[in-house]
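Chain A is already provided as a structure; the job is to place chain B on it using the hints.
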Amino acid sequence: MNALVLVGVGLLGGLGAVARFLVDGAVARRVGRDFPYGTLVVNLLGSVILGLLVGAALSEDAYRVAGTGLIGAFTTFSTWVLESHRLGEDGQLRLGFFNFAVSLVLGVTAAWAGRRLGASL
Amino acid sequence: MLGDRRELAAIFAGGFAGAVARLALAELLPADAGQWPWSTFVANIAGAFALAYFTTRLQERLPLSTYRRPLLGTGFCGALTTFSTMQVELLRMLDGGHVPLALGYAAGSVGVGFLAVSVATNVLRRGRVTA
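Taken in order, these protein sequences are the chains called A and B.
Read in this note's numbering, the first sequence has 174 at position 80, and its numbers run on one by one without any break.
Read in this note's numbering, the second sequence has 711 at position 52, and its numbers run on one by one without any break.
Just so you know, these hints were derived from the structure itself, not from any lab.
The structure displayed is predicted, hence computed values, not measured ones.
For glycine and all other residues, C-beta sits at the position ideal for the given N, C-alpha and C.
Among these hints, one or two may not hold up.
Claimed, not checked - The following label-pair restraints were derived from C-beta to C-beta distances:
1. B:778 <-> A:213: 40 to 48 Å
2. B:691 <-> A:200: 21 to 29 Å
3. B:754 <-> A:126: 17 to 25 Å
4. A:214 <-> B:781: 44 to 52 Å
5. B:695 <-> A:211: 26 to 34 Å
6. B:782 <-> A:184: 14 to 22 Å
7. B:784 <-> A:192: 23 to 31 Å
8. A:151 <-> B:725: 41 to 49 Å
9. B:695 <-> A:191: 21 to 29 Å
10. B:781 <-> A:154: 28 to 36 Å
11. B:701 <-> A:185: 28 to 36 Å
12. A:189 <-> B:766: 12 to 20 Å
Unchecked claim - Quick look at which bits of chain B chain A covers, simulated, 3 or more residues with Cβ under 8 Å:
13. 673-683
14. 710-716
15. 757-770
16. 773-785
What the hints assert, rightly or not - Anything over 12 Å on all C-beta distances counts as not near chain B; from chain A, calculated:
17. 121
18. 123
19. 124
20. 126
21. 127
22. 128
23. 153
24. 178
25. 185
26. 214
27. 215
Next up, chain A with everything else stripped away, as it sits in the complex (with noise of 0.2 Å):
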């Protein structure tokens, strides 16, 4: 690895938030933040995105800027947890816990998916 891919990982993954913050929003917009749908579309569509880049059996650099870096950013551990706990918070507890099991089960099944996927290609 070298300071290119470094970079790489940088670039990309700047990139990766951005388009999480924008995808996140655009998804709130339409069905509203009763349910962090946001995050969830964000982090099973990288799922998938994920699992085609491992099916596809790239190179360890491009899987670092590519997989680490772009997709890696742009879905988030920190925030599926945050709403997950606010919506405790807001006497959800339940719902926190729907957002856990939900995101988990359809996420595996993503990155399956997407890795059969990739493996096609």
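Coordinates of chain B only, in the frame set by chain A:
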């Protein structure tokens, strides 16, 4: 629009730093499918704690700071932590038949992450009451 562009620039800068920090962790602590993925786990828990800290502090205690939340929260913590890598790690554990490890990793990440958010939030709020 200028404000929007500055907000996006702050998210980009935070995202740059967060992604580089996670890459560094991933290179330092590589893990096989049969092992606990410490680099992702540490990045996710530390990022969740920091996001809860920044969000609570900036929303409830320092409402005037405009670019700190996009820089530190949405940008840095969002990019340092990852959901997609965790799903691929879980998938690989299941591939290898490491079902208890996968269940432990999923429950441990969510459980410790939730606890970290609780602690960061409540420590700050308690501080406000006594201040």
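Each hint tested on the structure:
About 42 Å separates the C-beta atoms of residue 778 (chain B) and residue 213 (chain A), a value consistent with the hinted range of 40 to 48 Å. At about 25 Å, the CB distance of residue 691 (chain B) to residue 200 (chain A) agrees with the hint of 21 to 29 Å. Judged by the Cβ atoms, the range 17 to 25 Å given for residue 754 (chain B) and residue 126 (chain A) is violated: they are separated by roughly 37 Å. Distance hint for residue 214 (chain A) and residue 781 (chain B): a CB-CB separation of about 48 Å, consistent with the stated range 44 to 52 Å.
Against the hinted window of 26 to 34 Å, the Cβ-Cβ separation of residue 695 (chain B) and residue 211 (chain A) comes to about 28 Å, which satisfies the hint. Checked against the hint of 14 to 22 Å, the C-beta distance between residue 782 (chain B) and residue 184 (chain A) comes to roughly 20 Å, which is consistent with it. Between residue 784 (chain B) and residue 192 (chain A) the beta carbon distance is about 25 Å. The supplied range of 23 to 31 Å therefore holds. The hinted window of 41 to 49 Å between residue 151 (chain A) and residue 725 (chain B) holds, with their beta carbons roughly 44 Å apart.
Under the hint 21 to 29 Å, the C-beta atoms of residue 695 (chain B) and residue 191 (chain A), about 23 Å apart, fit the expected range. As the Cβ distance of residue 781 (chain B) to residue 154 (chain A) is approximately 42 Å, the hint placing it in 28 to 36 Å is violated. Under the hint 28 to 36 Å, the C-beta atoms of residue 701 (chain B) and residue 185 (chain A), about 32 Å apart, fit the expected range. Separation of residue 189 (chain A) from residue 766 (chain B) is about 19 Å and conforms to the stated range, judged on CB atoms against 12 to 20 Å.
Residue count for the region 673-683 of chain B with a Cβ under 8 Å from a Cβ of chain A: 9. That meets the three needed, and the coverage hint holds. Residues of the region 710-716 of chain B lying with their CB closer than 8 Å to a CB of chain A number 3, which satisfies the three-residue condition for coverage. Given a C-beta distance limit of less than 8 Å, the hint that chain A covers the region 757-770 of chain B holds, as 3 residues qualify and 3 suffice. Under the rule that three or more residues need a Cβ within less than 8 Å of chain A, the assignment of the region 773-785 of chain B holds, with 5 such residues.
Listed as a non-interface residue, residue 121 (chain A) keeps its Cβ farther than 12 Å from every Cβ of chain B; the least gap is roughly 15 Å. No Cβ of chain B comes within 12 Å of the Cβ of residue 123 (chain A); the nearest lies about 14 Å off, and the non-interface call holds. Taking the minimum C-beta to C-beta distance to chain B, about 19 Å, the non-interface status of residue 124 (chain A) holds against the 12 Å cut. Non-interface call for residue 126 (chain A) relative to chain B: holds, since the shortest CB-CB distance, roughly 19 Å, exceeds 12 Å.
The beta carbon of residue 127 (chain A) sits about 14 Å from the closest Cβ of chain B, which is more than 12 Å, so the claim that it is off the interface holds. For residue 128 (chain A), the non-interface assignment is confirmed: its Cβ lies about 19 Å from the closest Cβ of chain B, beyond the 12 Å cut-off. No Cβ of chain B comes within 12 Å of the Cβ of residue 153 (chain A); the nearest lies about 15 Å off, and the non-interface call holds. Against chain B, the non-interface label of residue 178 (chain A) is violated: not every CB pair exceeds 12 Å, the least being about 7 Å.
Chain B leaves residue 185 (chain A) outside its interface by the beta-carbon criterion, the shortest separation being 15 Å against a cut-off of 12 Å. Once the 12 Å rule is applied to beta carbons, residue 214 (chain A) is consistent with being away from chain B; the minimum gap is 17 Å. A cut-off of 12 Å between C-beta atoms confirms that residue 215 (chain A) is not in contact with chain B; the least separation is 17 Å.
In summary, the numbered hints that this structure violates are 3, 10 and 24.
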